[in-house]
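Undergrad: Take the sequence shown: its letters are residues 2 to 146, numbered as in this note's numbering.
The reader is advised that the hints may include incorrect statements.
[Said to hold, decoys possible] Cross-link-like lysine to aspartate or glutamate pairs, in silico, DMTMM-like; alpha carbons within 25 Å at most:
id: 1; residue 1: Lys62; residue 2: Glu81
id: 2; residue 1: Lys114; residue 2: Asp66
id: 3; residue 1: Lys144; residue 2: Asp31
id: 4; residue 1: Lys69; residue 2: Glu117
id: 5; residue 1: Lys114; residue 2: Glu81
[Unchecked claim] Distance windows between CB atoms, simulated:
id: 6; residue 1: Thr41; residue 2: Asn134; range: 19 to 29 Å
id: 7; residue 1: Ser140; residue 2: Leu95; range: 17 to 27 Å
id: 8; residue 1: Ser126; residue 2: Ser80; range: 37 to 47 Å
id: 9; residue 1: Ile83; residue 2: Asn134; range: 34 to 44 Å
id: 10; residue 1: Gln123; residue 2: His55; range: 33 to 43 Å
id: 11; residue 1: Glu28; residue 2: Ser80; range: 28 to 38 Å
id: 12; residue 1: Leu38; residue 2: Gly105; range: 17 to 27 Å
Derived from the structure by calculation, the hints contain no laboratory data.
Glycine included, every Cβ here is placed at the ideal spot set by N, Cα and C.
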Amino acid sequence: MSKIQLCLTLLLIALCPNIVIACDSLELLDGWVKKPLPGTKYTAAYFSIKNNSHGTQSINKFSSDQFKKVMMHSSSTNSEGITKMNPVSSLMLLPSQILEAKPGGIHLMLSVKKSELFNADQLISFSASCGKNSSWQFSLPMKSP
């Protein structure tokens with residue numbers, strides 16, 4: 002990298018304090034996974050996470066070896082009382098922001114594996130992707146509805 006490129010890069014970083022950073026600044030405050038009822042194909046995970054950095058944090062994907070698929074969703078209810086789930090492509094957390102994923106709002110939709118059996122209080126491991134080569138591992142307890 003030339004001196005000019007280095008100077009421009011440092012200037013850009015200085016002028017953009019909300020630059021997206023690595024996952025290691027995330028802190029799990031609370032959370033749980035709803036134990037799937039027998040025969041159901043989906044369940045949900047809820048959590049509170051905090052961005053402890055001085056920059057904006059983006060989570061692009063969640064995964065878990067214990068589920069076929071993990072999808073980010075947001076629930077909304079229209080004026081007629083009909084609730085709809087919409088896919089969410091990423092979650093953005095501003096510096097020091099706490100994101101609460103809860104029933105009726107943002108949550109993780111989990112596709113259950115046919116062969117997987119779950120127990121109450123079982124720990125479910127997740128990985129969150131925050132960009133190229135940056136991930137964050139955390140676990141949530143399974144709880145009966």
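Undergrad: Next step is simple, just say for each hint if it's right about the structure.
TA: How the hints compare with the structure:
This hinted pair does not check out: lysine 62 and glutamate 81 have alpha carbons roughly 32 Å apart, beyond 25 Å. Simply put, lysine 114 and aspartate 66 have alpha-carbon atoms about 10 Å apart, close enough for the 25 Å limit, and the pair holds. With a C-alpha separation of about 13 Å, the suggested pair lysine 144 and aspartate 31 falls inside the 25 Å cut-off, and the hint holds. Under the criterion of a C-alpha separation no larger than 25 Å, the hint pairing lysine 69 with glutamate 117 is consistent with the structure, at around 10 Å.
Between the alpha carbons of lysine 114 and glutamate 81 the distance comes to roughly 34 Å, so the proposed pair goes past 25 Å and is violated. Roughly 35 Å separates the CB atoms of threonine 41 and asparagine 134, a value that falls outside the hinted 19 to 29 Å. Distance hint check for serine 140 and leucine 95: the Cβ-Cβ separation is about 25 Å, which falls inside the suggested range of 17 to 27 Å. Taking the beta carbon of each, serine 126 and serine 80 are about 40 Å apart, inside 37 to 47 Å as hinted.
For isoleucine 83 and asparagine 134, the hinted distance range of 34 to 44 Å is satisfied, since their beta carbons lie about 41 Å from each other. Taking 33 to 43 Å as the suggested C-beta distance range, the pair glutamine 123 and histidine 55 conforms, at roughly 36 Å. Checking the proposed 28 to 38 Å range against glutamate 28 and serine 80 shows it holds: the Cβ atoms sit about 37 Å from each other. At roughly 19 Å, the beta-carbon separation of leucine 38 and glycine 105 lies within the given 17 to 27 Å, and the hint holds.
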